[in-house]
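**Student:** Protein chains in written order, with my numbering: chain A, 858 to 1108; chain B, 858 to 1108; chain C, 858 to 1108; chain D, 858 to 1108; chain E, 858 to 1108; chain F, 858 to 1108.
Simulated from the structure, these hints should not be mistaken for laboratory data. The beta-carbon is built from N, C-alpha and C at its ideal position, and this holds for glycine as well. Do not rely on the hints blindly, as some may be mistaken.
[As the list claims (entries may be wrong)] Just so you have them, the derived chain D footprint on chain E, three or more residues with Cβ under 8 angstroms:
| # | segment |
| --- | --- |
| 1 | 958-969 |
| 2 | 976-989 |
| 3 | 992-1000 |
| 4 | 1034-1047 |
| 5 | 1071-1078 |
| 6 | 1081-1093 |
[Stated by the list, open to error] Capping the alpha-carbon separation at 20 angstroms, the derived lysine to aspartate or glutamate pairs in DMTMM-like fashion look like this:
| # | chain 1 | residue 1 | chain 2 | residue 2 |
| --- | --- | --- | --- | --- |
| 7 | B | Lys1081 | A | Glu874 |
| 8 | F | Lys1081 | C | Asp889 |
| 9 | A | Lys1094 | D | Glu1009 |
| 10 | C | Lys1094 | B | Asp994 |
| 11 | A | Lys1026 | C | Glu969 |
[As the list claims (entries may be wrong)] A few chain E residues that don't get close to chain D, going by computed Cβ distances all over 12 angstroms:
| # | residue |
| --- | --- |
| 12 | Ile954 |
| 13 | Val1018 |
| 14 | Arg1054 |
| 15 | Asn1102 |
Protein chains: 6
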Amino acid sequence: MAKILYLVPGVGMDEEEIKRRERIANTFLTNDKSEVTVEAVEEGPLSIESTIEEFMSVPCSLKKIAEVQDRYDAIIIGCLGDPGLAPARELADVPIIGPFESSLTLASMLGEKFSIITVLDSIVPAIRRTLREYGLDHRCASVRVVNCPVLELGKSKDKVVKTFLNEAKKAVEQDGASTLILGCMSMAFLLVDEIVRSKLEAPVVNPAKASVKFAEMWASLGLKQSRRTYPRPDYRKLQRSVLPNITIGGK
Amino acid sequence: MAKILYLVPGVGMDEEEIKRRERIANTFLTNDKSEVTVEAVEEGPLSIESTIEEFMSVPCSLKKIAEVQDRYDAIIIGCLGDPGLAPARELADVPIIGPFESSLTLASMLGEKFSIITVLDSIVPAIRRTLREYGLDHRCASVRVVNCPVLELGKSKDKVVKTFLNEAKKAVEQDGASTLILGCMSMAFLLVDEIVRSKLEAPVVNPAKASVKFAEMWASLGLKQSRRTYPRPDYRKLQRSVLPNITIGGK
Amino acid sequence: MAKILYLVPGVGMDEEEIKRRERIANTFLTNDKSEVTVEAVEEGPLSIESTIEEFMSVPCSLKKIAEVQDRYDAIIIGCLGDPGLAPARELADVPIIGPFESSLTLASMLGEKFSIITVLDSIVPAIRRTLREYGLDHRCASVRVVNCPVLELGKSKDKVVKTFLNEAKKAVEQDGASTLILGCMSMAFLLVDEIVRSKLEAPVVNPAKASVKFAEMWASLGLKQSRRTYPRPDYRKLQRSVLPNITIGGK
Amino acid sequence: MAKILYLVPGVGMDEEEIKRRERIANTFLTNDKSEVTVEAVEEGPLSIESTIEEFMSVPCSLKKIAEVQDRYDAIIIGCLGDPGLAPARELADVPIIGPFESSLTLASMLGEKFSIITVLDSIVPAIRRTLREYGLDHRCASVRVVNCPVLELGKSKDKVVKTFLNEAKKAVEQDGASTLILGCMSMAFLLVDEIVRSKLEAPVVNPAKASVKFAEMWASLGLKQSRRTYPRPDYRKLQRSVLPNITIGGK
Amino acid sequence: MAKILYLVPGVGMDEEEIKRRERIANTFLTNDKSEVTVEAVEEGPLSIESTIEEFMSVPCSLKKIAEVQDRYDAIIIGCLGDPGLAPARELADVPIIGPFESSLTLASMLGEKFSIITVLDSIVPAIRRTLREYGLDHRCASVRVVNCPVLELGKSKDKVVKTFLNEAKKAVEQDGASTLILGCMSMAFLLVDEIVRSKLEAPVVNPAKASVKFAEMWASLGLKQSRRTYPRPDYRKLQRSVLPNITIGGK
Amino acid sequence: MAKILYLVPGVGMDEEEIKRRERIANTFLTNDKSEVTVEAVEEGPLSIESTIEEFMSVPCSLKKIAEVQDRYDAIIIGCLGDPGLAPARELADVPIIGPFESSLTLASMLGEKFSIITVLDSIVPAIRRTLREYGLDHRCASVRVVNCPVLELGKSKDKVVKTFLNEAKKAVEQDGASTLILGCMSMAFLLVDEIVRSKLEAPVVNPAKASVKFAEMWASLGLKQSRRTYPRPDYRKLQRSVLPNITIGGK
């Protein structure tokens, strides 16, 4: 059994939506006694649709992780772009899971090439950079968009699903995708994968599900990120400067 | 909850060892109600230490999978080299999981580069070919060996552990590995990872654990291999020739 | 002068067709005293149009190679997918030649990128996997299909030639191919390359010709596959299990 | 002529050191009328020796860039790791230059492979991730360290130079480097390149010089980062959340 | 300040055009006291539109470089294909700059992918080979042509500009280019970049400007090509054979 | 049967040595009626040990090829570096064969990785550039040298063989080579491969043999280089400038 924090790195969601996501996230668990808590940072972007917003979200996430990591067996960074995955892994002594890395990894097993269908053109270059950073750009058939801002996805669900299906079919037939990835956590919590599944020849990966599954897997295997890739920082130095209130490491 | 078959593609193991592995495999599950059955094929190699033995094991595995797949939610090919992963995925309508692919995938998330520590030099070129086939050779720091045949691993456990540790340290310090992979299922079921864990700076991936976790994950997510990469075969043609007794597809 | 076996790894061909292929194959030789024998395995698939059939063909090929290799200077695995090339190279002490590897290699010299035009969509993923295994996927412009089962190619020759030409032109003009490869041995023995040659700006590689030429080349140079990539197996162990009747190695 | 801001993304430097760097940076200019201003952010890390500190520095840099970009023709992010290069390029309408990208680019022209000699092991994985993100990892022969924290480089100059020379020679002779890169801005402003130059067979790239040269080049050519890779953000949304006081874009 | 030779490796240009280019090239300098001299070789191709002409131009360039290098701080090989860049760098003790390498390098910094728009299809394969030789083919979105011979570009300027714009838009929208490169020095000296700039969303790199900037940069930094990649030749042997009159090295 | 020209692109060989090579080259043929003529250019380098000499050799080779190609079925460029392979392929209407490309190609089939053992360090960077141009650098385990100038190889044969063996063993054991390539035509015509064969676990490729075999293969298959990669030049333009006396194309 694992206690998992799903950390929302932004402030655009009301308490009701956070509770809704928590309820849904808990249905993704494999072990009955595992538990997902969804929590948002105190400060940060309304939503993440640019590299700027990705980076602006990171310090708040790191502060939160420093404070609460003792209470969890794994922490998910609740944004498709995995903002701050590497620094969070350096900082924490528990597994840090990114929904994008989780989805790419799972999709890479399911078939030869994947396509990512995300919200807006403005975030596509950031996705490509992360694919290169992860060494997985050679598995990517294409990145396509539904052309709808994050905060309007809920209101435009039917239209989004229709556009998603359309783009997904092009990804499979024109771009050669074997697998599709929901390219936004709001689509993930609308369970778009379950709606479109029967209409597509290719499996659809939901990043919320993938990240919860990997968080539970790592925690139950007693594995965490390698200190050879994510070196333990000098906690005392961090306390003297950018993270004055953390206790980890320097406890 | 998932019913998982762990299929041993060889005949070198006695009933006792199979039962021992079944007991151990069941401890790797996340959900209490999931269940792993370990079963061996009727005919096949004594152990797999060459590409020849890999290929000789595949027809028997495929026949078995054709017969029993209706009874399982996922099937693991119980050999580190994933022999027959691609044809099994074409053949089956349930998830087919390879311990090698599972381990590489998990290791790729834990750190930048992995090293595989396997049994004998004779199997290293097959491992390299599979790394290229999976598009993961750029993540591999090295493949090293403990220089002990599969069927003698049990008897030489202490020596194997010692050599493993030695090679693992070289992999980390000289080759730049961030993560280590147990390169043989017999090492995996000796739980070598748990013995060496505290003596290494890098996480150690156990392919038996990894494959059980992925089998359970795929099954519980309702995902299976993409038909775009693993096309549905012409079952009638297969029945007329190489798989006369199968019922799947052509039921 | 070289004695070459062209081994058909399936049972779908009658004696007449085998004799026809033998006559044709002998016209591909460079040295007058060289000789190609065409022979089929006793058991195996009707034709190879799936990864399943590729793998089901291998044990029979290996048994045959083990039995007859003493009588030949080189052995060609007579299927475009090179099924069992790696294990056959481990097993044998004579050169083992694959028509696919031969064609890719020759095509790589003739121009920057090649396209493969094969029979059916169901075999395309296997072709892509082999391209990655051979480290040649970056030279591949595209894989296209004539959409005709292997066993109907002979009957539909005119239609196949027409479709081939059409797909070949798209490969050159849309996909950027410099060279074309006949993607099936049955097309090769219909000498489709000679029919289309004058209608295409790009050279067409016939895998039957390429494989006979390389078999003769290796044999006359006294070269064979490197034991560093294809290690000599433990013949005694093979005799005790999967290849009980072989004499090689353990003679 | 170009007005260039060299922005120090940390607070570990006193006013005197900032003035010293400004004097030195101005000697790197090609045009007499160009001018470099060195300025530090108000808040941020003491020095950057971890991915955590890289990310913690970015919001302050972005705020500063948003405020002052109207007054400059180009802005250099004054840290070897180029922290925040991508978001700064999205945000700004003037060229944003990274010393790491500048150095890699220049080094790639001077010879086949480069080695980077940086301060501490703790920053090496971040360097490798950035190399992959920039698509330049295949040109990197090695990353080596002098094993001295940034803030002690000045005090240990002689020892650092000696270690640098030693590591540089190993990079050339053992790792195959053709060119060397000073892997830290503090080494750059100690002009380590000029000290070691005569003792090495390979050219040494100074990232401070490289970044000033590229800033001046871009500015004088009227070029800036492509909006196809660094899309213009929704400035109104940024003003409503993470960058409330910026005027750019939404002026 | 730097004295730069821009060496035209062909004989197709009259004195007036050479003077015109010299006037223009001098406007590309950053430092007021720097100076570009444009000079043509005595013998060579009329223009370079094939790999044959590229290679035929090299000996004359090398002879010229051997004679005059003492009088310059940097030498630019004035053809987009950088013919003879590697041998010139071995031969010379001053920086040798290629407009193609300069443009690719600069374009790689400005955005993720570049497209090259050149004159004729006949030169495209040479461009692709050079991209591979430079290790930059993974950054190339496409190579497109305006379909106009070099020597007619001046006369057909309006048509060329129109076609260029058309191809540039396709490169950005269909091929995914972030940046465009003028693929011919004659287009560069027609300043096509300045004409099309306002009509394109992507920056346009002018290879004449890029090469002058890099020549000035290398010269002012005191850098030149690494002798590890461009080894010093045996000058005495060259004097005894292919370069009898050179004095460099063997002075 | 094929008439093959082996063209020596240099003037360092006396008539006797040319005749000796012709006798040897004729023993490499597969067909009794084929014939190799060895001829040298009139002008050119003494030997090729630098990129400068490679390029200086090309115009003479091209002139010769233009004159004599009507009399041959295939032409080999008799230098390991394949100087001028691409322009010769554009120019000629008969197959142009490079010993380096032939050897790499053959070595790629024989095993996973090859090492090249050449004469001097001064030619190693040129070899690496060509490997990248051919897209085969990922198959190269290492390039090593015997450290002996080309023109002294004959006199120092025993020492060269000893050093070769030593370097070859390091290539196999330390660098992971499966196959070795004689990295110089003079070593090839000393038949170093036959001397060392029995002392090495890895096959040794002789570039003279490889190139003769491929020349005969291409000629007998009626194949030549693709005009998509090696476009037909404008022969009239070439006649007006760099190749005034050629008749081909413009006959």
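**Student:** Checked against the structure, which of the hints given earlier come out wrong?
**Tutor:** Numbers 2, 7, 8, 10, 11, 12, 14, in rising order.
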